[in-house]
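Chemist: The hints should help you fit chain B onto chain A, whose structure is shown.
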Amino acid sequence: MNPVSTNNITVAYHRKPVIQNVSFEAPEGKLIGIVGPNGAGKSTLIKSILGLVPKASGNISIYGKPYKKQRQIVGYVPQRGSVDWDFPTNALDVVLMGKYGQIGLFRRPNKKDKQEALECLAQVGMEAFANRQISQLSGGQQQRVFLARALAQNASVYFMDEPFVGVDAATEKAIIQLLTDLKSKGKTVLVVHHDLQTVKDYFDWVMLLNIRKIAFGPTEDVFTQDNLQKTYGGRLAFLDQESNGVNPLA
Amino acid sequence: MLDLLANPNTQWVLVGTMLLGITSGVLGSFALLRRQSLLGDAMSHAALPGICIAFIIVGSKEMLPLIIGAGITAYIGTYLIQAFVKHSRIKTDTAIGLVLSVFFGIGIVLLTYINRNATGNQSGLNEFIFGQAAAMVRSDVNLFVIAAIALLTITFLLFKELKIITFDREFAQGLGLPTVFINGLLMTMIVASVVIGLQAVGVVLMAAMLIAPAITAKYWTDRLDVMVILSGVVGGLSGLLGTLISAPISGMPTGPLIIVSSCSLFFLSLIFAPKKGLLTKAIRLMKLRRSTGDNQVMQGMYEFIEDTDRDTLSFEDLIRVQPLSGLRLQQTIKRLQKRNLLHPSSETYQFTDKGIKAAHQITLNQRMLQMYSMHEMQFAHLPMEKNNWDFLSLPNSEQQPLFELLTKHELFPSVLQERNEDR
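Protein chains in written order, with the working numbering: chain A, 7 to 256; chain B, 3 to 425.
The shape of chain A in the complex, shown without the other chains:
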């Protein structure tokens, strides 16, 4: 059974379709990149899978069951800008939030929960910052706190929305290490990504998306000049220029 399978999802804002008829079956234990131009619906796709934006039509299943029944095994790392970082709390506390679902209503996190949260922080190299107020963290460190929180949730399928945006090299390295760890544990990770240069290095599978699904499959088969042309059109030449003429396929 596939970790994620979707059947003809369509999402529309004010009648304009944002994603149209996207169907795919994600294989288990793979790192899957979702790439496409700005406004192509990458974030919307994962948000619609997670029920955060309403679908106009289509079905989604997580390991064969509707998402609502599988929430506990689905982890989500939103974009960093989605919360108020001035909130009075520290890094460890945010990570602990990942365990709130398992702890249950009315009960408080105990020592063991805290210990596990600390281990999750350690996995992203942030244990030294456990007691730091979250507004005192750099952007990259905040991103790592979000990743640690998803880890604490101990999910089987992870969705990450542009985790590599605006982070320092150290954070980038930590994220890659984390993705590799997750993969080795048999987890499935879907990552919205915008940097074509790194797609081949980071992801086993890739989806090219521009409103519709252009291609989906193992990176070496699907990440071709032809498919990129179909996804980005004339904009690809511009992208090349922007990246100092380095061909992402080279």
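Just so you know, not all the hints are guaranteed correct.
Stated by the list, open to error - Here are the computed lysine-lysine pairs in the PhoX-like style, where the Cα-Cα straight-line distance is at most 25 Å:
hint, chain 1, residue 1, chain 2, residue 2
1, B, K93, A, K61
2, A, K61, B, K88
3, A, K36, A, K71
Because the hints were derived from the structure by calculation, they are not lab data.
Modeler: Here is chain B on its own, set in the frame of chain A:
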């Protein structure tokens, strides 16, 4: 004063205003962090028509029906604001302004109608506009006690859920928590804390009861649990102060004095809070400017010596090697001379023995920081934050990798070494 406290009426008012301050302080923390401070204002104004309608139906000023009426229209107002924002292009501030003024307008119309038509003692709902804490009686306070216990117990039991929904609702939803229920519950609790405060503080000032204690508390802590408790304490204290100040003077309004008390506590915090207060910040900034100025001059001079092998700088050299100028530079030089780091001459500038050592340390520390930043992950375990970025205080074994990097990049400060070798 003691006579007044012995008066049972004053005692009831005191208990009532303190409870009210505590509940609005506790729930106001959540409203503030959800950026819904203004929503509290809309809620309280939207409660007015409900009070009037309840009075028209029941025909008396009994507290419970009035509060229920207030709660209903306040809730409708809140719901309308959220519905406007969700389903139309109206933004939150516009929706709040709209609902607030329309509901308040309806309330005033109804109030005028009641004042014209009611007879004798029956009239006088006017107190709900600015509040009249002195009108509180024992049965009102009993009601407040029950409401306060209920609100505080729910907050305690569901603290973790209220926290996550305030910080990151989407994530809470992803965890499978009943976010719709918790959100509705929190809104209901905020509405409840607003309506029970109306009699004492009035619809116009009620929003301040939510905001002032919460923002005051936020100045003193970085933890939500501490903030919520502190906010309750500030709210309760404001209730106490406002009542005690107003009680001995006839005609002094309690509600506004409660607000003035909590706002005074806010201003005190704004200025004097230990970490975030303006005074602390100003002092810290001044100290920081001084010490960075000192360090920049020292390091600039040190690097000049390192580059040129001359150990005396002219004024022109000094201007070139560091960023300060004018009065600040003069003050800095004087300070360094006073500390016996520079020789006391006015034309040329030269380190003392103590000075060159200090400059070496400053330069070394700054360059170690550079190496640290290049290899942040490798050194993430170092407790730099706690020791104020003082790399020189680290144990030798921790310093060694940084020294190696400095040597590799040919950045190890060399002046002191050469001097030692010369000797």
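Chemist: Find the hints from earlier in the document that the structure breaks and name them by number, from lowest to highest.
Modeler: Hints that this structure does not satisfy do not exist here, as all of them hold.
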